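K.L.:
The residues making up each chain are set out below.
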Amino acid sequence: MRKDSITVKRRRPMDTFLVAAIYISASLSVLLLLGIIGYVFIKGIRTVSLSFLTTVTSALNQTVGILGNIVNTLYIIVITLLIATPLGVGAAIYLNEYAKPGKLVGMIEFTTETLSGIPSIIFGLFGMVFFGETLGLGYSILTGALTLTLMVLPLITRNTQEALRTVPDSYRSGALGMGAAKWYMIRTILLPSSLSGIVTGVILAIGRIVGESAALLFTAGSAYRLPKFTESAAGNIGKMFRKIMDPGGTLTIELYLRMQKGEYDVAFGVGCVLIVIVLGINLLTKAAANKLRPVK
Amino acid sequence: MKSETNASVIGNRKNKAVVETVAQIIFTICALFAILAVISITLYMIASGTPAIFQVGPKEILFGTVWAPTAAEPRFGILYVILTSVIGTFMAILLGVPVGILTAVFLAEVAPKKLAMAVKPAVELLAGIPSVVYGLLGIYLLGPAMYKLEKLVFAGSKTHQYTGGANLLSAVIVLAVMILPTVINISETSIRAVQPGIKAASLALGASHIQTIFRSILPAAKSGIMTAVVLGVGRAIGEAMAITLVSGSSVNPPLPFHSVRFLTTAIVSEMGYAAVGSTHRNMLFTIGLVLFAFIMLINVVLSRILKKGGAKR
Chain C
199 MRKDSITVKR RRPMDTFLVA AIYISASLSV LLLLGIIGYV FIKGIRTVSL SFLTTVTSAL
259 NQTVGILGNI VNTLYIIVIT LLIATPLGVG AAIYLNEYAK PGKLVGMIEF TTETLSGIPS
319 IIFGLFGMVF FGETLGLGYS ILTGALTLTL MVLPLITRNT QEALRTVPDS YRSGALGMGA
379 AKWYMIRTIL LPSSLSGIVT GVILAIGRIV GESAALLFTA GSAYRLPKFT ESAAGNIGKM
439 FRKIMDPGGT LTIELYLRMQ KGEYDVAFGV GCVLIVIVLG INLLTKAAAN KLRPVK
Chain L
-8 MKSETNASVI GNRKNKAVVE TVAQIIFTIC ALFAILAVIS ITLYMIASGT PAIFQVGPKE
52 ILFGTVWAPT AAEPRFGILY VILTSVIGTF MAILLGVPVG ILTAVFLAEV APKKLAMAVK
112 PAVELLAGIP SVVYGLLGIY LLGPAMYKLE KLVFAGSKTH QYTGGANLLS AVIVLAVMIL
172 PTVINISETS IRAVQPGIKA ASLALGASHI QTIFRSILPA AKSGIMTAVV LGVGRAIGEA
232 MAITLVSGSS VNPPLPFHSV RFLTTAIVSE MGYAAVGSTH RNMLFTIGLV LFAFIMLINV
292 VLSRILKKGG AKR
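In order, the protein sequences belong to chains C and L.
All letters in the first sequence, in the order written, are residues 199 to 494 by the working numbering.
All letters in the second sequence, in the order written, are residues -8 to 304 by the working numbering.
I should point out that these hints are in silico values taken from the structure, not numbers from a laboratory.
Model, not experiment: these values are computed from the prediction.
Be aware that a few hints might be false.
[What the hints assert, rightly or not] Below, simulated SDA-like cross-link-like pairs (lysine to any residue); rule was C-alpha separation at most 20 Å, straight line:
#, chain 1, residue 1, chain 2, residue 2
1, L, 190, L, 100
2, L, 111, C, 487
3, L, 298, C, 308
4, L, 299, L, 210
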């Protein structure tokens, strides 16, 4: 066959080079990824035990544990979501159902974008000054949760908005045409049909809260102890509520402090727990997106 | 619930109207919250960032190279801190973006479907890993390796101050890895969104697959890729906890083997001991304000790109 025949593929050195670059980059990314997850998991799993998860670090009892941090993390997740979910869903409903396109909507969407782009350290500074000092909440779980509320708000708003958009207009006109008022229509038709989007947003928000550290270091502080429970139930409930005003470090903060002190075993233990949580959240998001699809 | 019956189809008209108005007002307030938050963050950043500018003077702050906040005669120059953030971010982008885009090309165009389906969730997972975990690996694995490299490079040097592996280069590598998921995810989505006609036309004209990717598909996905890069810049410049320990602990000119301070790491590592009301603490807020200015700039650039990309469609 002649060399310049059209049936002969011309070799392009540039193509070979680029293909090689693509394969190298892709394998680098994948290896890094598996390496990071695998290394932290394997290195940390040795530290993780039942007592690591269920005790508080104490020199007296000679225990090293992260129960206090787990509880703090849960507190912050619950309080943040209690505030952020209604706000975010409400904002999405306004943007999708009430607002007419114009300057105000543009402003709201731009600020929502801006909020999601602000780095957590800035949220931390703002939370420390505004919630901590101006409102006088000090270093407390509540300060941390309020700060994180601002951070996760865009996530919930955007996911709810997207879900609302997928609800067909015929649902709206059907409900309104039958004489339902707007709020009634939103409550009984739109919200149930867009539940999957709301749930996805909430789960993503949990992921963000669990992984957050810079915004919490100067707002929620780094305490790791649990309130001492007594016999009386009323007193215990009171203590559980008062804990909101106490400082409390989450898992990530504990990891940071341990690694600062060079206690890498504990740090990897916490890291392992975090990775398992992140994995779980990832799977949950997928499940939520698949299972709770709007009714057809 | 009483309001429920009122809002029903055959409900009392007057109450219904009240409920409707109240609902609308509540939703409007929820929506205005984002604006309120951004305005108050901006005002507070400016309010807490400016006192130090008056105390120290803008020239000393922006062009001073000596950072000695706790010295007898304190100096508050943050030129090197700003430069570190800018150059560190730039280097991280230089390292991370090509790898990220090529990985996205691999996932969207080259890889068999099954492989892509397996890799994609893993990349998404990587985006969710807490930044402190990256920091932990940086200090535990990268640090010692970097120290070895440092000893090799500066074997004969007598003037070099050893950093023990905590230097700009380590921080840049950590940042580059951290922006990978963002760059990969967004680039891949935009590559997949390119109209199939463009690819078909290019192939029909006799271009090879690789030529098609680099000459037709990537240019068509430009706005999405630009978005990915800008988001990567935002993530890198704003990252704090992952690089606090691996970047070292003193303010130096941003050279690869120098122990450096970023805008973010300066705040994290000094806020704990800066006395309330002191110029030192005020300066840390000024550093925060500088970072905030960078982020706002990035946001404006981003919304421009998004608008442009949207207009083209």
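K.L.:
If any of the earlier hints don't hold here, list their numbers in rising order.
P.N.:
none
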